[in-house]
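J.: Next come the chains, spelled out residue by residue.
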Amino acid sequence: MEAYPFQLFPEEHFYLFKTRYNIRYAIRFKPSFYVLDADPVIADNVYELVIAQIEKPEGSIPPDERILYTIAAIAEDFFKKAENIAIYVCDDSDGKGKARKRKFDGWFHYLNFEGRGFIKIDQGFHEADGFSYSASLIFKSENRMKIQIITALDDLAAKYNQPK
Amino acid sequence: MRTTEQKLTEPPKSLGRWLMESKRQSQKEMQEVYKKNPKIKEIFEKLEGKPKQ
Chain A
2 MEAYPFQLFP EEHFYLFKTR YNIRYAIRFK PSFYVLDADP VIADNVYELV IAQIEKPEGS
62 IPPDERILYT IAAIAEDFFK KAENIAIYVC DDSDGKGKAR KRKFDGWFHY LNFEGRGFIK
122 IDQGFHEADG FSYSASLIFK SENRMKIQII TALDDLAAKY NQPK
Chain B
981 MRTTEQKLTE PPKSLGRWLM ESKRQSQKEM QEVYKKNPKI KEIFEKLEGK PKQ
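Top line first, the protein sequences correspond to chains A and B.
Every position in the first sequence, counted from 1, becomes a number in the working numbering once 1 is added.
Every position in the second sequence, counted from 1, becomes a number in the working numbering once 980 is added.
Some clues are possibly wrong.
Capping the alpha-carbon separation at 27 angstroms, the derived lysine-lysine pairs in BS3-like fashion look like this [unchecked claim]:
no.	chain 1	residue 1	chain 2	residue 2
1	B	K1008	A	K57
2	A	K81	B	K1026
3	A	K99	A	K81
4	B	K1008	A	K104
5	A	K99	B	K1008
6	A	K121	B	K1003
7	B	K1021	A	K99
8	B	K993	A	K57
9	A	K160	A	K81
If you are wondering where the hints come from, they were derived from the structure by calculation, not from laboratory data.
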């Protein structure tokens, strides 16, 4: 399936595309060097994947698989810099975090990201106040810091999963 | 790709809630930027293959 045409808007670091149902999307890899307490060579290359519908028509919108392919194509572009690391957090504030995580995992598998040279590592967080969610880091398998990246995520989990 | 965000000097009590809020804030900011920056609408017009108005 073909991705929708997209374009980077460098001024804001947005990738932009529009669907056949007239939804306008902006995808941003937000610099998140402050999340991992790791060496700058890792921490400075961490970006949070933020997907925003910036304009959409009223009413219900049919499912559209091309969005998935478009985000995958955008990710391929983002990872042209092999050191880049994307963090994706499945929001569970409405109790739908597990469903989001399943969907996200399904996309990763369905689009054969692994076969295309990507690694995804997942970490569940169960914080002291009872809040649970999952975070995933995605990076290229050729990333020479992969062991340190995995360790940094483990360290983060150890820090926040400890009962306070 | 530096922004004004600073390294966390003190870890938030709940990283999860902090990240969720950060994501929601980013989405709002992106919507605001879209409304205010005509260059973004121009890009969409190009993507749609429509002539500029």
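J.: Look at each hint and say if it fits the structure.
T.: Consistency of the hints with the structure:
1. Taking the CA atoms of B:K1008 and A:K57, the gap is about 14 angstroms. The hint holds against a cut of 27 angstroms.
2. Taking the CA atoms of A:K81 and B:K1026, the gap is about 24 angstroms. The hint holds against a cut of 27 angstroms.
3. For the given pair, A:K99 sits about 30 angstroms from A:K81 by alpha-carbon distance, which is inconsistent with the 27 angstroms threshold.
4. For the hint linking B:K1008 to A:K104, the alpha-carbon distance of about 23 angstroms falls within 27 angstroms, and the restraint holds.
5. Note on A:K99 and B:K1008: the hinted pairing holds, with a Cα-Cα distance of about 24 angstroms set against a maximum of 27 angstroms.
6. About 20 angstroms separates the Cα atoms of A:K121 and B:K1003, which keeps this hinted pair within 27 angstroms; it holds.
7. Taking the CA atoms of B:K1021 and A:K99, the gap is near 35 angstroms; set against the 27 angstroms cutoff, the hint is violated.
8. For the hint linking B:K993 to A:K57, the alpha-carbon distance of about 35 angstroms lies beyond 27 angstroms, and the restraint is violated.
9. A threshold of 27 angstroms between alpha carbons decides the hint, and for A:K160 with A:K81 the separation of about 32 angstroms lies outside it, so the pair is violated.
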